[in-house]
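Protein sequence lines correspond, in order, to chains A and B.
Letter by letter, the first sequence follows residues 643 to 937 of this note's numbering.
Letter by letter, the second sequence follows residues 112 to 457 of this note's numbering.
Hints were generated in silico from the structure; no laboratory data involved.
Every residue gets a Cβ at the ideal spot worked out from N, C-alpha and C, and that includes glycine.
Hints may be right or wrong, so weigh each one.
[As the list claims (entries may be wrong)] Calculated lysine-lysine pairs in the DSS-like style (CA-CA distance at most 30 Å, straight line): (1) Lys840(A) / Lys433(B); (2) Lys215(B) / Lys883(A); (3) Lys234(B) / Lys840(A); (4) Lys400(B) / Lys433(B); (5) Lys844(A) / Lys400(B); (6) Lys175(B) / Lys235(B).
[Claimed, not checked] Far from chain A, by Cβ distances over 10 Å, these chain B residues were calculated: (7) Gln154; (8) Phe176; (9) Glu203; (10) Lys235; (11) Arg316; (12) Ala351.
[To be verified] From the structure, some residues in chain B lie toward chain A, with a derived Cβ separation under 8 Å: (13) Trp139; (14) Ser208; (15) Gln267; (16) Pro323.
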Amino acid sequence: MEGSSKGGVLSHLSLLEAKARSRKTQLHQIKELRDKVEALRIQRDQLRAEIETHKILQKVRASLDKKCTKGGEEEELQVKEGEKMNEDSEHSQLLRLMARHTQLKDLLHAHHIIGGYNITKTIQGRRVCASLATAYEGVYLETYNVEFDLKPTVRIRRHDVPPFIPVDSLAEQSNMQTDIRAFLDTLSKYLNGYAGRKQQLKLVKERHKSVEVMESNVLCSILVMLLTVPGERVTVLCTLKYTDHTRCLPTGVYVQCEADKELPDSPQWKNNCSLLMETPVHKALTIMRDRWIIA
Amino acid sequence: MGDSTKSLLQRIIRRIPSRAIESTLRKWGRLTAEQLQSIDFTQPKWTVTQELLDMCEEGNWTLKFITELEMSYIIDNPNQGMWYAYQLMNPEDDANSVELTQFKEQFKSHLKQLVRHISLKMKKHTDEAVWIRIAWGDRFFQPNHMKPTYAVHYLQTPYVFVTSLTSKHKPLFSQAMTLSTRYQAIKDANLSGRNLTAIRDLLMRQFQQAFPTKHPSPLAERNQTVSHPRIEKEQDGNAANRLELACEAFGGGTLPQLQSAVYKLETKFRDQTNKAMTEREESFKCIVKFASTNLLESLRHCASSGFASTPVTPLLSSISLKGKNYFVITDNSPGAASQPRRAQDK
Numbered sequence: 643m644e645g646s647s648k649g650g651v652l653s654h655l656s657l658l659e660a661k662a663r664s665r666k667t668q669l670h671q672i673k674e675l676r677d678k679v680e681a682l683r684i685q686r687d688q689l690r691a692e693i694e695t696h697k698i699l700q701k702v703r704a705s706l707d708k709k710c711t712k713g714g715e716e717e718e719l720q721v722k723e724g725e726k727m728n729e730d731s732e733h734s735q736l737l738r739l740m741a742r743h744t745q746l747k748d749l750l751h752a753h754h755i756i757g758g759y760n761i762t763k764t765i766q767g768r769r770v771c772a773s774l775a776t777a778y779e780g781v782y783l784e785t786y787n788v789e790f791d792l793k794p795t796v797r798i799r800r801h802d803v804p805p806f807i808p809v810d811s812l813a814e815q816s817n818m819q820t821d822i823r824a825f826l827d828t829l830s831k832y833l834n835g836y837a838g839r840k841q842q843l844k845l846v847k848e849r850h851k852s853v854e855v856m857e858s859n860v861l862c863s864i865l866v867m868l869l870t871v872p873g874e875r876v877t878v879l880c881t882l883k884y885t886d887h888t889r890c891l892p893t894g895v896y897v898q899c900e901a902d903k904e905l906p907d908s909p910q911w912k913n914n915c916s917l918l919m920e921t922p923v924h925k926a927l928t929i930m931r932d933r934w935i936i937a
Numbered sequence: 112m113g114d115s116t117k118s119l120l121q122r123i124i125r126r127i128p129s130r131a132i133e134s135t136l137r138k139w140g141r142l143t144a145e146q147l148q149s150i151d152f153t154q155p156k157w158t159v160t161q162e163l164l165d166m167c168e169e170g171n172w173t174l175k176f177i178t179e180l181e182m183s184y185i186i187d188n189p190n191q192g193m194w195y196a197y198q199l200m201n202p203e204d205d206a207n208s209v210e211l212t213q214f215k216e217q218f219k220s221h222l223k224q225l226v227r228h229i230s231l232k233m234k235k236h237t238d239e240a241v242w243i244r245i246a247w248g249d250r251f252f253q254p255n256h257m258k259p260t261y262a263v264h265y266l267q268t269p270y271v272f273v274t275s276l277t278s279k280h281k282p283l284f285s286q287a288m289t290l291s292t293r294y295q296a297i298k299d300a301n302l303s304g305r306n307l308t309a310i311r312d313l314l315m316r317q318f319q320q321a322f323p324t325k326h327p328s329p330l331a332e333r334n335q336t337v338s339h340p341r342i343e344k345e346q347d348g349n350a351a352n353r354l355e356l357a358c359e360a361f362g363g364g365t366l367p368q369l370q371s372a373v374y375k376l377e378t379k380f381r382d383q384t385n386k387a388m389t390e391r392e393e394s395f396k397c398i399v400k401f402a403s404t405n406l407l408e409s410l411r412h413c414a415s416s417g418f419a420s421t422p423v424t425p426l427l428s429s430i431s432l433k434g435k436n437y438f439v440i441t442d443n444s445p446g447a448a449s450q451p452r453r454a455q456d457k
């Protein structure tokens with residue numbers, strides 16, 4: 643009898659102990675769940691704040707874009723913005739900077755797509771490398787790179803532009819400290835002009851075997867060709883001068899003929915000269931060949 | 112005249128290695144097909160030379176022919192002797208539009224005004240380089256064809272590459288060059304080497320340089336070797352980083368072949384353990400020279416394998432960056448200051 647009642651008390655005690663333990667774990671679980679709820683609430687608030695910032699950022703960005711395209715409506719938008727941003731006025735500066743940052747990134751991306759130049763930042767923002775692509779008639783040609791040191795002043799560290807393109811004098815002419823874009827734009831023009839002329843020379847040599855190139859130079863700013871007139875066995879010396887190094891078309895066309903002094907003044911050759919001034923040389927030569935002017 | 116012509120021919124043939132004689136003569140184009148066929152090029156060089164000397168006697172070859180042969184050989188094999196680079200400074204307004212004929216005429220007339228007896232030859236190569244051969248004489252002596260000066264210039268660039276120019280003739284050459292290219296001055300570019308193509312590539316920026324770009328570098332793509340998936344190389348990241356920095360400093364791909372780099376130090380001696388030297392007022396003058404068959408390749412390998420610390424010190428990377436291999440380092444400017452180098456006496 644004592645045994646069974648002992649068993650009963652002990653079992654009762656163990657039951658109570660088990661209940662107490664389970665309540666502890668329950669409490670523990672409840673505590674865990676409460677913590678989780680808290681964390682999720684914080685996360686939700688964070689996300690909400692991010693969405694809000696993003697919305698404001700988009701508005702600021704839209705206003706920035708409008709500022710760039712139209713000058714007049716800024717004031718209206720600024721007033722509207724001012725109301726909304728009164729609460730976080732100390733953040734407005736930061737938001738404006740962030741919007742400007744996204745604007746610049748999009749501009750760079752657009753530049754890359756149209757085959758302009760790419761800029762990459764290196765070494766924690768102390769240096770910047772610009773890659774300028776050149777193209778002619780829809781074909782991508784060489785890419786040139788210029789690396790700049792940004793501190794203490796903006797200056798060119800190294801580049802792989804050939805020495806007949808005056809990078810240093812272009813850098814001196816444009817104010818690189820405030821407007822690096824002007825310098826890169828001018829350099830890009832020179833490089834594209836050079837690449838275009840070089841490509842034209844290559845095509846002339848490939849496609850017009852009967853034309854003899856008498857003189858050219860590394861900058862491709864002068865081209866002297868010997869053209870033969872079919873039938874009469876007369877040779878014409880044609881000189882093209884490209885004094886504007888940013889252009890792919892010549893600035894001067896001169897024609898000489900030993901055998902027939904009158905030839906350069908004939909209306910046909912005057913036409914040819916104007917053709918050579920207005921059309922890229924390889925195309926002009928093809929036209930002249932098709933018209934049976936040259937062999 | 113015949114004797115000097117013959118001795119010049121002899122000298123030239125002696126200079127050309129046996130295996131190149133046939134191709135050089137063929138390229139020269141002055142020998143007829145029969146004459147070329149009649150020479151047995153497998154004979155020892157001395158015999159071939161004799162045959163050519165006989166042909167010279169028979170054909171009455173002039174000095175002009177022989178110098179043409181020499182020039183054609185040098186143009187095809189420019190990587191011998193010591194070449195020095197010079198830079199033209201302060202272009203006039205019309206420097207950019209100097210034409211070939213104008214340059215040739217001006218150079219010839221200026222040089223002939225300065226030196227009474229001179230033999231000049233100018234030739235344009237297919238890669239737009241103007242090759243100039245000058246045999247110098249003076250008031251009393253005819254031009255000496257045994258020691259001609261060769262110069263290479265690309266129009267519209269400020270660089271001139273010269274070999275075998277004595278200090279006596281240097282000012283004359285410089286004056287003629289600056290006047291005919293429409294620049295105001297010429298100075299030493301502090302770059303020299305046995306390989307003309309190497310120093311030319313360095314200055315004309317025709318070697319592959321590594322720039323940071325958004326797109327993956329060709330180096331990374333090339334080095335992706337397929338290795339066992341269970342093997343992971345601990346040092347891979349570091350090695351790739353070192354290689355990238357080394358290539359950025361010296362260049363990627365095949366590098367121009369320089370033979371030496373000289374650093375002339377004029378700095379104060381700094382070593383706390385040696386009081387006697389440190390207390391001296393004057394700067395400690397010393398010259399450090401790095402020499403190798405392919406200097407840039409060796410330096411790049413040093414940096415990429417970890418012997419030299421990366422990022423590479425600007426003293427070494429200036430070689431590729433500035434296209435120089437002679438530097439004077441003073442206390443104020445630890446970079447690469449350039450000063451005129453003493454002319455080499457021959």
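Going through the hints against the structure:
no. : hint                  : verdict
1   : Lys840(A) / Lys433(B) : holds (26 Å)
2   : Lys215(B) / Lys883(A) : holds (19 Å)
3   : Lys234(B) / Lys840(A) : holds (22 Å)
4   : Lys400(B) / Lys433(B) : holds (18 Å)
5   : Lys844(A) / Lys400(B) : violated (43 Å)
6   : Lys175(B) / Lys235(B) : holds (17 Å)
7   : Gln154                : holds (40 Å)
8   : Phe176                : holds (24 Å)
9   : Glu203                : holds (13 Å)
10  : Lys235                : violated (8 Å)
11  : Arg316                : violated (5 Å)
12  : Ala351                : holds (16 Å)
13  : Trp139                : violated (22 Å)
14  : Ser208                : holds (6 Å)
15  : Gln267                : holds (4 Å)
16  : Pro323                : holds (5 Å)
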